[in-house]
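*Asks:* Construct the entire structure; sequences and hints are all you get.
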Amino acid sequence: MTTQHENVLSIEQLDAFRIAFHEGAAEASTALGQWIDKPTRISFDVVEQLPLEEATRVLGSEGEPICFCVSQMTGRLTGQLILAFSDASGLALADVLLNQPRGTAGVWGEMETSAALETANILACAFLNSLYRAFPADPNAASELLPTPPRFSRDYAASLIEFAVMAQVIESDHVLVAQTEFQIDGDPVDWTLLFVPDAESMMTLREALRDSR
Amino acid sequence: MKGVQQLSSTISAVRMGDLAVSANNGVLRTLLGSCIGLALYDHTHKVGGLAHIVLPQSRDSGGPAGKFVDTAIPALCARMETLAGRSLKPTARIAGGANMFSTTVIQTIGTQNIEATVRLLGELRIPLLGRHCGGEKGRRMSLDSATGVITIEIVGSDPIEL
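Those protein sequences? They're chains A and B, same order as listed.
Anchor point for the first sequence: position 191 equals 191 in this note's numbering, and the numbering is continuous, going up by one each time.
Take the position in the second sequence, starting the count at 1, then add 1000; the result is the number in this note's numbering.
Source of the hints: derived by calculation from the structure; they are not laboratory data.
Treat the numbers as computed from the prediction; the structure is a model and nothing was measured.
A few of these clues could be false.
[What the hints assert, rightly or not] Pair by pair, the computed Cβ-Cβ distance ranges are: (1) B/Glu1115 <-> A/Glu12: 20 to 30 Å; (2) B/Lys1046 <-> A/Glu200: 38 to 48 Å; (3) B/Thr1147 <-> A/Trp108: 27 to 37 Å.
[As the list claims (entries may be wrong)] Short derived list, chain B residues pointing at chain A, Cβ under 10 Å: (4) Ala1013; (5) Gly1033; (6) Val1054; (7) Pro1064; (8) Ala1065; (9) Lys1137; (10) Gly1138; (11) Ile1154; (12) Val1155.
Heads up, the beta-carbon is just placed ideally off N, CA and C, and yes, glycines get one too.
*Replies:* Here it is, written out as structure tokens:
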């Protein structure tokens, strides 16, 4: 087992990772813009290592139910990629994709859920493609970086984050969370894309970023 | 108690890896995924405690006392007895240990957390009176320290009393 100190990225490593994450989020944002046929851009992105007790606050109101689509990352990096959103903003997205007046979608039916899942899938693929280029593969290591098909659920925000960081908590009292928010058509939307690597991927990232110490 | 937040005059939130105690008033509340919520309560003296346990064993690795089963249970008992100013005979209820993402690692941790908690409660002769564990959904667990009532809430379901 590694020590707590070894599990924490340096400031320089965090900066280097922040650049790679920003590029990934930008590519995901472009893909989203093409998918919904509206101008989309990143409004804010954060990469931080949080103490355990603060990690559950990253999505704001911990006790409120939120919707989310979760993909597992497979290949060179493993962990979770999560698109989280409020009911209102998720259903608004469904209205856009189903080409119906805003406010038409009122509940999470099959079509609305499918729209959210497909959006999450497009974002995940674009984000991981960019991240793959940012961290060239070791010839001896797994070379792919792919998302599994996403799953849709509604749950407490804090419970979601707890599930996501669990595989890092085994090795450290700090957890790395990368977070991006979006603007669509000039308006902020209540969506968050979370990248949460597991403990094994934290080692991979530290190795890939070792020159940034 | 870095991981305890006062949500209102009567409700305190217990975060990952932390624990809190209360006597005869107020509600202790925690939001759980694969972690274990352990509620201890002494009905005679109306003293309760809630821990949000993350992993089964500390292995002397440091970290907050509430993070591990083997440190959280003794710490919670000690804090409750300090608050009461006397020895207590608490009973226990547990919740959590879900596996939302269906991953082997998390499933293993959740199961180990439950097993380690049940085992240590047995060794300490603390009766385990109820459990609400497993599944794929998160839980909100609340302990009312005036009554000892423990409520479990799951998104999309009616609250239940444990």
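*Asks:* Determine for every hint whether it applies to the structure shown.
*Replies:* Quick rundown of the hints versus the structure:
no.: 1; hint: B/Glu1115 <-> A/Glu12: 20 to 30 Å; result: 42 Å, violated
no.: 2; hint: B/Lys1046 <-> A/Glu200: 38 to 48 Å; result: 46 Å, holds
no.: 3; hint: B/Thr1147 <-> A/Trp108: 27 to 37 Å; result: 36 Å, holds
no.: 4; hint: Ala1013; result: 7 Å, holds
no.: 5; hint: Gly1033; result: 3 Å, holds
no.: 6; hint: Val1054; result: 6 Å, holds
no.: 7; hint: Pro1064; result: 7 Å, holds
no.: 8; hint: Ala1065; result: 12 Å, violated
no.: 9; hint: Lys1137; result: 6 Å, holds
no.: 10; hint: Gly1138; result: 2 Å, holds
no.: 11; hint: Ile1154; result: 8 Å, holds
no.: 12; hint: Val1155; result: 4 Å, holds
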